[in-house]
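Go by the hints and put chain V onto chain F.
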Amino acid sequence: DSGVTQTPKHLITATGQRVTLRCSPRSGDLSVYWYQQSLDQGLQFLIQYYNGEERAKGNILERFSAQQFPDLHSELNLSSLELGDSALYFCASSVDTGRTDTQYFGPGTRLTVL
Amino acid sequence: GQQVMQIPQYQHVQEGEDFTTYCNSSTTLSNIQWYKQRPGGHPVFLIQLVKSGEVKKQKRLTFQFGEAKKNSSLHITATQTTDVGTYFCAPVTDSWGKLQFGAGTQVVVTP
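Protein sequences, first through last, are from chains F and V.
So for the first sequence, our numbering puts the first residue at 69; every next one is plus one.
So for the second sequence, our numbering puts the first residue at 62; every next one is plus one.
It is worth saying that the hints were derived from the structure and are not from the lab.
None of the values given here were measured: they were computed from a predicted structure.
For each residue, glycine too, the CB sits at the ideal point set by N, CA and C.
A couple of the hints might just be wrong.
Unchecked claim - Sample of chain V residues at the chain F side, in silico, Cβ under 7 angstroms: (1) Tyr83; (2) His103; (3) Pro104; (4) Phe106; (5) Lys120.
Unchecked claim - Under the rule of at most 27 angstroms between Cα atoms (straight-line distance), these lysine-lysine pairs were calculated in the DSS-like manner: (6) F:Lys125 with F:Lys77; (7) V:Lys97 with F:Lys125; (8) V:Lys97 with V:Lys118; (9) F:Lys125 with V:Lys118; (10) V:Lys131 with V:Lys118; (11) F:Lys77 with V:Lys120; (12) V:Lys120 with V:Lys131.
Extracted from the complex, chain V is given alone in its bound form:
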């Protein structure tokens, strides 16, 4: 079946620094969604990528879908304490919208 690997598993970032989390698939993806889960909270939808090479920005967050549609990345610039949480990539695996969540990248921000 489809395997999704998300790296790194943990990311300690100094406030103000940039970081990137990656999501890699063994198969070509139709589309991929990204979610954020704050500590003690529930996953919240961030973005969806559909097209090959697509890049979308949300303020300090930049999401990218690889040309081969096998990988995706989330880049955060000038990290703030509000960025704390776990970021999940979630490829859509069937026509009914079923998501397969990656293991997530847990982000800790130090002031």
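With the rest of the complex left out, here is chain F:
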């Protein structure tokens, strides 16, 4: 158990819909990272937040957005869902936001878009 929690564990929805994935980082961690893992794209970095502020963006679609709240939990919002958005979405957290910080991954949310 990494100490990072993600809800829900599974999510099944239809194309065109909108969903929200939630992540609670380890106690004391200020940075939250979101990743998408699919069979054809591997593990792709989406976005990073540090203490409520966006720090880095990766291959995140405009239909996707995220935020980190004052209590440091984070939400990833996916809208206008397409079949290709079906994937595992991982959240990770680290103590700070430096080059050498270890990232601790949550169990993931499996999203299936039908």
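Here is chain V on its own, set in the frame of chain F:
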């Protein structure tokens, strides 16, 4: 942008044998992390390499960072069934700790 290639993509190993997975970058890396993901699980941090030529060992796992800091390797000796999973290298690509994961090496161990 920075490209990371991890080879092989798949590795079938007989229990007790050794194997090595490689991570190659087109650019010089600041530091690199390795993660392991068991089937159905999430990535778990294994090690971080920072210095040129650095070698670190964790029991049967040996991690190495190339002298030019453009490649890294993971060598596992006397493979066990508990070594099953996908091993990812992940160079740190910016000062905020952003990782770029390689495609991973999926390891299958046969008894």
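Checked hints:
| no. | hint | verdict |
| --- | --- | --- |
| 1 | Tyr83 | violated, 16 angstroms |
| 2 | His103 | holds, 4 angstroms |
| 3 | Pro104 | holds, 5 angstroms |
| 4 | Phe106 | holds, 5 angstroms |
| 5 | Lys120 | violated, 19 angstroms |
| 6 | F:Lys125 with F:Lys77 | holds, 24 angstroms |
| 7 | V:Lys97 with F:Lys125 | holds, 24 angstroms |
| 8 | V:Lys97 with V:Lys118 | holds, 15 angstroms |
| 9 | F:Lys125 with V:Lys118 | violated, 33 angstroms |
| 10 | V:Lys131 with V:Lys118 | holds, 20 angstroms |
| 11 | F:Lys77 with V:Lys120 | violated, 33 angstroms |
| 12 | V:Lys120 with V:Lys131 | holds, 25 angstroms |
Hint violations for this structure: numbers 1, 5, 9 and 11, all remaining hints satisfied.
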